[in-house]
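Peer 1: Could you slot chain Z onto chain A? The hints should help.
Residue strings, one per chain:
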Amino acid sequence: MIRVSQLSTCSFRKKVLIRVSAIFFALFFSGILLALMGYNPFSVFGSMLDGGLGSGYRVKETLVRTIPLALTSLGIGLSFRMKFWNIGGEGQIMMGAFAATWVGLFFPEIPRPLLLLMMALAGIVGGGLWALIPALLKIRFRTNETILTLMLNYVALKWLTYLQYAAWRDEEAFGYPKIPNLVKNAKLPDIFGIHIGIILVPLMVAVIFLFIKYTKKGYEIRVIGESEQTAWYAGMNVSKIIISTLFVSGGICGLVGMIQVSGVNSTLSVDVSNGVGYTAIIIAWLAQLNAIAILLASFLFAVMVEGGSFIQTVYHIPQSAAALMQGLILFFVLGSEFFIRYKISFSGLRKIISEDHIGEGE
Amino acid sequence: MEPHDHIRMESITKIFGSLKANDNVNLTVKRGEVHAILGENGAGKSTLMNILSGIYSADSGTVMLNGERKSFKSPQDAIDAGVGMIYQHFKLVEAMTAWENICAGPTGSRILKPKALKKKITELSTSTGLFVDLDKKIRDMGVGEKQTVEILKVLYRGADILILDEPTTVLTPQETETLFSIIRGLKATGKTAIIITHKLYEVMAISDQVTILRKGRTVATVSTQEVTQKELAEMMVGKAMNMDFPSAEGSCAEDDSGPILEVKDLCIEDKECMRSLDKISFTLCGGEILGIAGVSGSGQKQLCQSLVGLQKIDKGEVIVKGENIAGHSAREIIAKGLIRLNFVPEDRLGMGLVGGMDLVDNIMLRDYRKNKGMLLDRKSGIRKTRKLVESLQIMHPGINRPISVLSGGNLQKVLLGREIVSDPEVLVTAYPVRGLDLGVTHKVISLLHEQKQKGVGVLLVAEDLDLLLAVCDRIMVLYCGRISGIVDTATTTKEELGMLMSSIDGECTDD
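Chains as they are written, first to last, in my numbering: chain A, 1 to 362; chain Z, 1001 to 1511.
If we strip away everything but chain A, and leave its shape as in the complex, we get (with noise of 0.2 Å):
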C-alpha cells in the first residue's frame, strides 16, 4: 500500500537533498536521450556550460536573457502572491512594449533621457492596463483570471501582428513585414557592453523584497493573498488593493516590453516577448515568489536556454531535443516539490495493523 502523508516540516539539508537529486534525474534522463541519438552525453552537457558561460560574450547574452525573465518574473509574481493568476505576462510585455514603440516611433525628436523615460512610463502604463482588464472583470463579474489573460495574450499578439503587417510596416524594407527601427535617442545606451536595464533588476529584487516584507501595502497582499475573508475582515479594500497590484504586476512587465524593443531589439515585433511571459510563471513559482531565488532561477534559466541554443549549432542537436532536455529538467524539480511537502510510505495494510506502534506517520 501507498500512502502519502502531508509533511509539516522538512529540513533544510533534506530540500537540498531533494533538490539536488531532481537536478540529477533530470540530467541523468536527458543523458539517456543523448545517448540514443548517438551524441556523447557528457560532451554534450559540458558544452551547455560552455555555451551559456564559456566565454565573456556568452556570459553577457545570458545575462540579457536574464533580465526580462527575472523582471517579468518579479511582476506577475506580485499578483501570485494575492493567488491572482496572472499568466498574461506575455501580454502585458506585447502592450507595454507596444506603447513604448509609439512613443519611440513618433516623438523621435525629443531628447533622449526624456525621451526613454516617456517609453518607459509608456510601458509600464501599457502593460498595467492591459492586466486592469482581467483585473475589473474578476472583481465586476467573477471571472476567471487564468482565462482572461491567456486569451488576452492572443489579443496582444495579434495586434501586434495587425501593427507589422499593416499599419506600422515599414515601406523602406523591400517588402519585408517589419516596423522601422527606432532612432538612436530611443535605444537604451549600454553599460558594461549590456543594455542599461541590467542595472534594473538587482535594483527591483531589492525593491519588491522589501516592498512584500516591510511595508503596508506588502503586508496587505500577503493577507489577501492568504485568506480574502481576512483582509475583508480586517476593514481592507480587497478589490482597491487587487487593481492597484495588477496595475503594478501588469507595468513591471510592460516596462520588460519597453526593454526588449529599445535596448535588445531596436524595433517592436510579434517575438518581441517570446515566450518570456510563460518562462517566468515557472520561474516564479520555482522560486516560490521569493525575489532572490528569482534572479538566481532566472539566471539559471538563461544558461540553459543560451546553452540549448549553443549545442543546437554545435552538435546539429534539432532544435526540439534541447527543448525536450529543458522539459525534463523542468518536469523533475518541479516534481520533486511533492516530496517536500509530502511523505511517501510505502507498506504492507498487515503489517500497519499487526506492528506496534512504531512511527509510522511522522
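There could be a bad hint or two in this list.
As the list claims (entries may be wrong) - Simulated crosslink set (BS3-like; lysine-lysine; CA at most 27 Å straight-line):
#1 Z/K1336 with A/K216
#2 A/K216 with A/K240
#3 A/K216 with Z/K1312
#4 Z/K1073 with A/K343
#5 A/K240 with Z/K1301
I should point out that these hints are in silico values taken from the structure, not numbers from a laboratory.
Peer 2: Same frame as chain A, now just chain Z:
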C-alpha cells in the same frame, strides 16, 4: 472473545506526527445498543470513529465486527461491512434532490431507474419511520431534514452501525428531541448507534453505555444508568471540576450616562429572509454581558458584521457612546477603536486569522494602519504579541512561526486577545468558546468577565444555551433575523429559550 459483540476495537493506536491521537484505546459495543463516546476536544473521539469507518487506518490494534477481524482500506470497505458515518457537516450535494443524494454512490447498476430507486427508499422509510420529501432539493431543506437524508443515505447503503459525529451541534432543542426519537426507533429495529459528543446531558438522555476518552486513552466504559453527570464530567476532565462557569458580580449601571451601545431599528434588506435583519433594536450597558442566542443562520453573523461596518446597513442606527457609526466603513470603525468584533468561524482560520503568517503578523492585522507612512511597524507588533502571549498564556513554538501550528484553543485566545488588547468600549464576540474543551472555555469566559468588570459592554453570540445562561446578564434571541425575545437570565429557562429560538407566531418565509 464473545462473538455477539457487534463492534470490538482493541488496543487501537494512531499517531499523527508527535501526537498520539489514540493510545491503546478499547471499545466494545453490543448489537442494538446506543453507545456514547464522550470526551473533550482532542480526546481522540473522532480519530477512533474515523478508524472504524475506514477513513484512517490504525497504526496498531484490531477492529472486529461480529467477532470477525476487519481491516478497512477505505471508507467503501467500511460501508460494505455495514458501518455508516453521519458527519457533523453534512456531505450532501446541495443542488440535487433527496433521493439522488440517498442513491448516490457506487452501488447498483449504471443506469438510474428513479422509480425503482424511490420505491426502495420509500420502503426503507416505512420500515424505519424516517420520512423526507424525496424530490426536494437539499438546498431547500432545513438542518433537521438534511440530517434525516444523511441517515437515510447511510441506511440505504446497508449500514447496521450508525456513527453520528456530534449530531446535535446544529440542532435546536426540539430538533434534538426528534433526532433522539429517530435513534430510539432505529435501536428498536436492531441497529447499533454510536454518538460522539461532549455534551453530558445528551449522554444521559440517549445512551445505554458510554465510553469516556481522555487525551487519546480510554478512561472507562460504563452503563449510563449507573453514573451521574457529575461522575461523567470528572472522568472526562480528569479531575473534580466545578460544573458551573465562573461568574462575575455587577450588572448594568443605569444611573450612568445611559447605554454604551444602542441599536435602533437596524435593518438589512436581502432577498432571502434568512440573511436579513428586520428592525433590530436593543441597548447594551457598560459592564453588561448580553447574550445572543438563536439557531445558526438566524442573523447573528449579519448583526455582528453590521455593528462593525462589515455589512451595509440599509436602515437604522448604531450608537456607540453617543456617536452614530452606522454607514461608516469597517476601516473607519477600526480606527475609532470604540467597538471591536471577535468572530470565531467554524474552521477558526477562515476569517480573522491568516494560517500561513506568523503570530506577530496576525496580531497586527487590526492595527497595522495606525502608524504613519508606508512602512509596517513590526516592532510594536512584536511588543504587543509578547504582552498578549504572556497575559493569556498562549502556547506557541515561536512568534515567527506560522500560526497554523497552534492548537484551536490558542488560536481562539489570539483572536479574542487581539480585540481586547485595544481596549474597546464594546466587545462583540461570536462563538468565542466554539469547539474548546472545558479548561480553555473557563479561561475564555474569565477573560470576558474581566472585560465586564472593566466596564466594557460585551455582546456574546453563542450556540450553547448552558453557557449563555451561566455567563450573561440578559439574552436576546434571534429568529429569522428578528428579535423573538429579550429575557433576563435570572428568570428564564432553557425551555423558554428553546421555544423562542424555534418559532414565533409567524412562519419564516424563505422567498
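Peer 1: Now, for every hint given, state plainly whether the structure supports it.
Peer 2: Results for each hint:
Taken as a hint, the Z/K1336 and A/K216 pair is honoured in the structure, with Cα atoms around 19 Å apart against an allowance of 27 Å. Straight-line distance between C-alpha atoms of A/K216 and A/K240 comes to about 14 Å, which keeps the hinted pair within the 27 Å bound. Pair hint A/K216 plus Z/K1312 holds up; C-alpha atoms about 26 Å apart against a cutoff of 27 Å. The straight-line distance between the Cα atoms of Z/K1073 and A/K343 is roughly 19 Å, inside the 27 Å bound, and the hint therefore holds.
A threshold of 27 Å between alpha carbons decides the hint, and for A/K240 with Z/K1301 the separation of about 25 Å falls inside it, so the pair holds.
Checked against the numbered hints listed earlier, the structure breaks none of them; every hint is satisfied.
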